[in-house]
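Given the coordinates of chain A, assemble chains B and C onto it according to the supplied hints.
Protein chains in written order, with this note's numbering: chain A, 36 to 317; chain B, 1056 to 1411; chain C, 500 to 690.
Please keep in mind that the hints were generated in silico from the structure rather than gathered at the bench.
All values reported here derive from a predicted model rather than from experimental measurement.
There may be inaccurate statements among the hints.
[As the list claims (entries may be wrong)] No more than 30 angstroms apart at the CA atoms, straight line, and that leaves these computed lysine-lysine pairs for BS3-like:
1. A/190 with B/1387
2. B/1121 with B/1387
3. B/1387 with B/1400
4. B/1400 with A/190
5. A/190 with A/176
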Amino acid sequence: MTALGYNFGYLDENTKRMIRRALLKAVAIPGHQVPFGAREMPLPYGWGTGGIAVTASVIGASDRLKVIDQGADDTTNAVSIRRFFARVAGVETTERTTDATIIQTRHRIPETPLREGQILVYQVPMPEPLFRLEPRVAETKRMHALADYGLMHVKLYEDIARHGHVAISYNYPVLVGGRYLMSPSPIPAFDNPKMDRMPALQLFGAGREKRIYAVPPYTAVRSLDFEDHPFQPVRADAPCALCGSRESYLDEVVVDDRGGRMFVCSDTDYCSTRQSHQEAAE
Amino acid sequence: MAYVAVKGGERAIEAAHAWLAEERRGDPALPELTLAQIEAQLGLAVDRVMAEGACHDRGLAALAIKQARGDLIEAAFLLRAYRTTLPRFGASNPIETDAMRIRRRISATYKELPGGQVLGPTFDYTHRLLDFALAAEGGTVPPAPERRTDAVPMPRVTGLLAQEGLMAPEPPSEAEPPDLTREPLGFPADRPLRLQALARGDEGFLLSLGYSTQRGYGNAHPFVGEIRMGAVTVEFEPPELGFPIELGEITVTECQMVNQFAGSRTEPPQFTRGYGLVFGHGERKAMAMALVDRALRAEELGEPVEAPAQNQEFVLYHCDNVEATGFVEHLKLPHYVDFQSELEKIRLLRREAEGE
Amino acid sequence: MTLTPGFADPVPDAQSCFRALLEAMARPGRVQRIKALPEAPVPLAPAAAAALLTLADAETPVWTDGGPAAEAWLRFHAGCPLVAGPGDAAFLLAVGGMPALASLEAGTEEEPHRSATLILQVAALEQGEGWHLSGPGIEHVHRLRVEGLPPGFLAEWSANAARFPRGADLLLCAGTRLAALPRTTRIEEAG
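Only chain A is shown next, with the shape it has when bound in the complex (with noise of 0.2 angstroms):
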């Protein structure tokens, strides 16, 4: 028990064990989602539920927890799910991508690059990627087990006769291992092709669905494309203003209500690291 009267890591053994056997056949199945009793957690539904719920279910004393919303340690819903973790589990948290075993995220995958041994976490808020094109559960369930997908891919095709391109631009549909069509969780598409053979394994928690669904590790993750017409993730042209990087996913600051627009790495342990990196040269 921990100080607060709660058990480790807030949730019951029961429901851990609950989880955990869902997790498991998660990985066992890539990309289909599992569905679990998702219990009410002491921050509301929407705001990560689903992804303290792994968490909570997997992490132990001797792991290193990281938490970023945004790809920032220090926006406060982040803060917030770290002090949760720090208060019900006693764990070491960490801002360093490259220490942290457990890396729970919300919308974006760290620019430097997961190794085995690492656990990447994400908070999905619609599990479902069929859903803007058919709202019934049951019947993207039905399409699911069918690998029917057509309408995925007359929604792409749409895209491209209308405006010359897909105009997905986060959260863009992929395919797990050749077989399931999956929501990345909200993602901008620039951070797709990092999940494609991706050597940590990623789990993915949706609370308010009640969704479990994971990607093994170097399993492959395809963007879905047409020949004619492949993937292309989009990033702004410009470089970092603070670490100068150019192949960071940038977040634009507005300077002043003038057009004035800044652009800086949006993951701000890589900013920061290639910052001190930099100092260090001089």
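Below, chains B and C alone, put in the same frame as chain A:
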């Protein structure tokens, strides 16, 4: 630099919570609200929080209301998040609303019936005029006149209809009901699961849906067969004992709506039931729940499923206010990474459109 | 009959065993050593017993051929219902021989996760030699040698894989060692 200012942080959160605590307490010159006062004088708020928080504990519900500054959905959420950490010892025996110690019992389908009509503590027939006498404190309330009703048997109206064969039978089942707090909703959802979801569903949502069935969105011809409110005994049968032990009593409100049913090829025309049951005195919720329950039975009764209230997925996925408030309010969280990708995409599409 | 203890420190022991199981399932063929072990009764392998204590409870029907001491131990420490038919179990713990994979719950096309996990005790597990494994979780190839499998195992395994996404998943246990074969893993015999 502005870049730093847009990021939140630990100190900002702590300061915000300190401010919240100050606002909660309000003017320190005024006496602090006690849980006993909330429990006793805001009893219907306590009842609603227990129903939507899916946890029967008046004291904890009062605490949640105080902590939530009177925001009842926030209070229900607090209670749910507490409830979910409690160990589960087992399921109680079904409560017997037949044997309810009645405080209120009315029927709209019969003028007079065995056991009679008991108005009880109701807002019905009050004139909704602000009572300025209540604004003055220290007034005493004269005791209400009493008549014992315990001894009078009060058979349910649906039972009276069933004796005549006019009520579609709903045979009791010994099957273990599903538990939506442990297994996520699956579809098609059978009635025990639907009723479970509705019982903890948002009163406002169910009220509007029930209302919609009266206005033609769904084929409803409802009559209030009976509403009863009062105390029922909760019993638990530990497997090792083999006989039930009494845990205590709780107040519930039950509503049985009687609805026309045209019949089918195999069944003669008869009445069907819509059922509502909530913790505490929650009459509006129980009635709305009964309307929605009946609407959701459309498919099994062979009626066309056309209206929102008849659509299982639509109703059950959206009736939970803890889920709904979380997801609506999560839009407050930063979304600038995704918004940035949208900005870049729109700029790209516009550049290309201009280039053409 | 005296019952031997379960996990010495249930919360952290179950957590560390689960991480080993997760790692095993995520990287098929990599052999994990379970560090915190319960005192399992004969004939249960400590790793197999630890896996069941970590995953099984009142909600998961378990089948085992481990005999009365094992059954009493599981009933007490995991609180799981024991079933007579392999096809009715969520978890199976086989110590004597392997129940036919085709007889196990394989889930449905819509719900392939409602499938059994077979915990199979084998004579030995060695990574880096033997079979060539490929599939999700494996960068190029993992090698795994398993001693004590029935002769027709590979044919049964490919039949199991052929019904993907349906199918059973396998945990192989030898003493304190454990490796997983999820339904996605392809096995080729060493050439």
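Would you mind confirming whether the straight-line C-alpha gap from residue 1387 of chain B to residue 1400 of chain B stays at or under 30 angstroms? Within the cut-off at roughly 23 angstroms; holds.
If you draw a straight line from the CA of residue 190 of chain A to the CA of residue 1387 of chain B, is it 30 angstroms or shorter? Roughly 29 angstroms separates the two Cα atoms, so the pair holds.
Do the alpha carbons of residue 1121 of chain B and residue 1387 of chain B lie within 30 angstroms of each other, as the hint requires? holds, 24 angstroms
Hint check: residue 190 of chain A vs residue 176 of chain A, CA-CA at most 30 angstroms. Holds or violated? Between residue 190 of chain A and residue 176 of chain A the Cα gap is close to 19 angstroms, so the pair holds against 30 angstroms.
Quick one, are residue 1400 of chain B and residue 190 of chain A close enough, alpha carbons at most 30 angstroms? holds, 17 angstroms
Checked against the numbered hints given earlier, the structure satisfies every one of them.
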